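Following the hints, complete the assembly by docking chain A onto the known chain B.
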Amino acid sequence: MNFEYSENQQMIAQTVRDFAEKHIRPYVMEWDETQHFPVETLHKLGELGLMGILIPEAYGGAGLSYNEYITALIEIGKVDSALCLSVAAHNSLCTNHIYKFANEEQRKRWIPKLASGQWIGAWGLTEPNTGSDAGRMKCVAHQDGDYWVINGSKNFITHGISGNVAVVIARTGELLDSHGMTAFVVERGTPGFSGGKKENKLGMRCSETAEMIFDNCKVPKENVLGQVGDGFVQAMKILDGGRISIAALSISIAVGAYEAAVKYAKEREQFGKPIADFQAIGFKLADMATEIEAAKLLTFQAADMMMRGEKMTKQSAFAKYYASEVACKVANDAVQILGGYGYIKDFPVEKFYRDAKLCTIGEGTSEIQKLVISREILKGNI
Amino acid sequence: MSKLASHFLINKNKFMKFLVCISLVPDTTTKISFVDNDTKFNNDKVQWILNPYDEWYALVRALELKEANGGNVTVVNVGPAENDQVIRKALAIGADDAIRIDVTGDADSFAIASEIAAVAKSGGYDMILLGKETINYNGSNLGGMLAELIDLPFISYASKLDVAGNTATIERDIEGGKEVLTADVPFVISCAKGMAEARIPNMKGIMSAKTKPLNVVAPQGVGSLTSVVKYELPPAKSACKMISADHPEELIRLLHEEAKMI
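So the protein lines, in turn, are chains B and A.
Taking this note's numbering, the leading residue of the first sequence gets 1, the next gets one more, and so forth.
Taking this note's numbering, the leading residue of the second sequence gets 1, the next gets one more, and so forth.
Bound-form chain A, shown alone:
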């Protein structure tokens, strides 16, 4: 191969297949409560939204890469038919198609990772993106488990992602600094703040979302490995004591005598 030809190949933008895992989480203003002896989250009257890390960073960055280089963005969700309306939002933002794995009961991270693994294996995706965590359970489990199940590398907490040819350059925020690394596709990557700007779907997107494919697939039926024994709410915040700015000595006295912090 001539030098020019190999140069061309390296820099040629690759048509990529992106899979973005999207989770539904309660709207951030939801009042949290539990049922069944505090073993289950109370779904009653909960407004569900796309997990912001999945939507704002993973999905939008996948769309940006697709728009720059060509490709196809599929979103995947594990859950019941009621999720379809929220999944449509991902299509309205710009995803090309959606897959919903029809799981109706409770499922832990392992069960969800196993279900997505089955879809991911057969789909031949170049990049599988997800948020760094969901804002309800904050587990950050899924990416690692999924990567292991489908035997791909996993890059976590990425704040920047660029692709040239088959190689991605990724920035990760690490304690006190940044780590820059490269990885060849395919891989699984979890996305954090900084990767993209949230997009608001436009009216055209909303209209076209109705006609984009939302394929429902039967679950593998992989069971959960964990079960919840109990949920607990954090203790209620105690009342705030206001101290006049003219009396700093009173603050010191309270911190010393009541809070016993100094």
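Next comes chain B alone, as it looks inside the complex:
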């Protein structure tokens, strides 16, 4: 066992830090205030190879492992967690879904554009009335000759308006049948496919979250990923990996908030000494540091199992559940340590506090993670 960052991870971390200082940090609060979705920055991240991190070089990706992916996400998110969410959704959900379940022709068609960041990807499972209960989805697809016609809507979709291409899971069979849903690739510009309302969010504000609307949207049958009826099962597998990326996003928030809190606690003097020297603050920092390390270990453990091809549903749920709760707690503690300065936008912890909450909700709430974990345990996977 080796818990050290590899030489590759160290170099990736340094590279992403350098990039983030120059191209992200100066704009973070402006993007947050105006909810500007920085597509141009995502294109630049694509040039670095960060929009196809897990995709093999043959398809235009960086060909890196999950460990390296987590490392990159943490460094992006320490500076702007909202941008990190966009990078994670693009990589883990859309691009990874197509790569994993597409045939060779489909891969060649979409992966190089996504992996290079030329195209931004979206992924649609959630609907207004079906979140975790995806089996009751109302978005349907009917076959019509060489086409499938999709009707319905998806909501809370990252890049729902700006995504150049979306993976959409729609019902093609019976309600509640886990084999009654199919994954389709829908390109922007397809008649009947449009972006809907852009959500005005508490946090993660520069990451675009919007509705996707399908109104008699005709998609060629060549755009079906895998077999008809496999969509839900594919989506569950994609979410297993997606959880690891949300755990990494959570860690990035916790680390960003923690580092800001340590810096402040050492500089801020009250009653004649730095507040870090008061046990009330020192103990808070100790808790924060311990929880962050634990979250990292769970996350890298899940990634390690994934890279070895083992089933890691339980471990990825452990990582996502714990790391996201830690993100909220650490961000909360960081605001408390900074006091009044934690509550204003001149210091970074205010934004981390708002951004953190998404992590216990998106890609499966903490409660759903506990459900996943308990089901796995009771199935015998103790």
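Just so you know, these hints were derived from the structure itself, not from any lab.
Fair warning: there could be bad hints in the mix.
Restricting the straight-line Cα-Cα distance to at most 20 Å, the calculated cross-link-like pairs of lysine to any residue (SDA-like) are [to be verified]:
(1) B/K22 to A/R199
(2) B/K266 to A/K237
(3) A/K210 to B/P56
(4) A/K17 to A/F187
(5) B/K22 to A/A198
(6) B/K22 to A/G194
(7) B/K44 to A/K204
(8) A/K212 to B/E57
(9) A/K45 to A/T30
(10) A/K210 to B/Q10
(11) B/K197 to B/T126
(12) B/K370 to B/L297
(13) A/K31 to B/V262
(14) B/K266 to A/T30
(15) B/K266 to A/I32
(16) B/K44 to A/A196
(17) A/K204 to B/E57
(18) A/K210 to B/E57
(19) B/K44 to A/E197
(20) A/K14 to A/N69
(21) A/K212 to B/N8
Pulled a few chain B residues facing chain A out of the computed Cβ check, cut under 10 Å [as the list claims (entries may be wrong)]:
(22) N8
(23) M11
(24) Q14
(25) E47
(26) L48
(27) L64
(28) E68
Here are some chain A residues the structure puts well away from chain B; computed CB gaps all over 10 Å [claimed, not checked]:
(29) I101
(30) D102
(31) T169
The structure displayed is predicted, hence computed values, not measured ones.
The C-beta atom is built at its ideal place from N, Cα and C for all residues, glycine as well.
Just chain A now, with coordinates in the frame of chain B:
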């Protein structure tokens, strides 16, 4: 030779061998302290980075010239095995190969120049580039010494460098203006701000850096000509006094009576 043929030769891009000297310096946020009775820099917990003048200007410009005209970029570093990770960054940015001259102890500019001279002499390089100075000792010694040791011209503080055939056109920032000069390769050149834009290595570069050659060569063992007697930190900054903008007379009084500057 026909006029056309000679014209062709003059403008033909030459495949050039570039040698870029890279130094490691402490990260700019490092807290500086000394050990051994203030005679040695305290290396403990120091994060080392490529000297920005070497990386941002010398290396990147060499890569740009190579990309435009063809060629090969080798980076050379004098230091111990721990330097390899930082040297790999130069390979990730785009250098083709690296040489590390395995010197483990302290070495002054002369010792380092002598070690690089041995490598430079045998390598047949067309251009040897380095930053105008390192950001730790700010000596600006190496380029001149190296050029002298290998009997090549030395051009210092260049802010622009272009090459056509065997001839380079160089701009140097001089007091109050610019100097433009030409020089035939080979030469040694020290590079300053303006020569290129810093590059961030991409993931592909990082992956390929692992497989590029990093050749470790034994040092010549040239000793230093100088030894450090003492390092001293600058005096701590005194507290800042804030004066209300409504009372400029108070500023004048303090400058006159306390600072005794006016």
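> B/K266 and A/K237: Cα distance at most 20 Å?
Replying inline: Holds - the C-alpha atoms of A/K237 and B/K266 are around 19 Å apart, at most 20 Å.
> B/K22 and A/R199: Cα distance at most 20 Å?
Replying inline: Given pair B/K22, A/R199 holds - Cα atoms ~11 Å apart, limit 20 Å.
> Are the Cα positions of A/K210 and B/E57 separated by 20 Å at most?
Replying inline: The given pair, whose Cα atoms are some 15 Å apart, holds under the 20 Å limit.
> Are B/K44 and A/A196 close enough, with their CA atoms no more than 20 Å apart?
Replying inline: Holds, at roughly 19 Å.
>> Checking hints one by one. Is B/E47 an interface residue toward chain A, by the C-beta closer than 10 Å rule?
In response: At 7 Å from the nearest chain A Cβ, B/E47 passes the 10 Å test, so the hint holds.
>> Next pair to validate is B/K44 with A/K204; report whether the Cα-Cα distance is within 20 Å.
In response: holds, 14 Å
> Does the no-contact call for A/D102 survive, Cβ to all of chain B over 10 Å?
Replying inline: At roughly 19 Å from the nearest Cβ of chain B, A/D102 sits farther out than 10 Å, so the non-interface label holds.
> Keeping to a limit of 20 Å between CA atoms, is the pair of A/K14 and A/N69 held or broken?
Replying inline: holds, 7 Å
> Can we keep the B/M11 interface hint, with Cβ of chain A closer than 10 Å?
Replying inline: holds, 5 Å
> Are the Cα positions of A/K210 and B/P56 separated by 20 Å at most?
Replying inline: Given that 20 Å is the threshold and the Cα spacing comes to 17 Å, the pair holds.
> For the pair supplied as a hint, A/K212 and B/E57, is the alpha-carbon distance within the 20 Å limit?
Replying inline: holds, 17 Å
>> Does B/Q10 sit within 20 Å of A/K210, going by the straight-line distance between their CA atoms?
In response: holds, 13 Å
Figure legend: structure checked against the earlier numbered hints; every hint is met.
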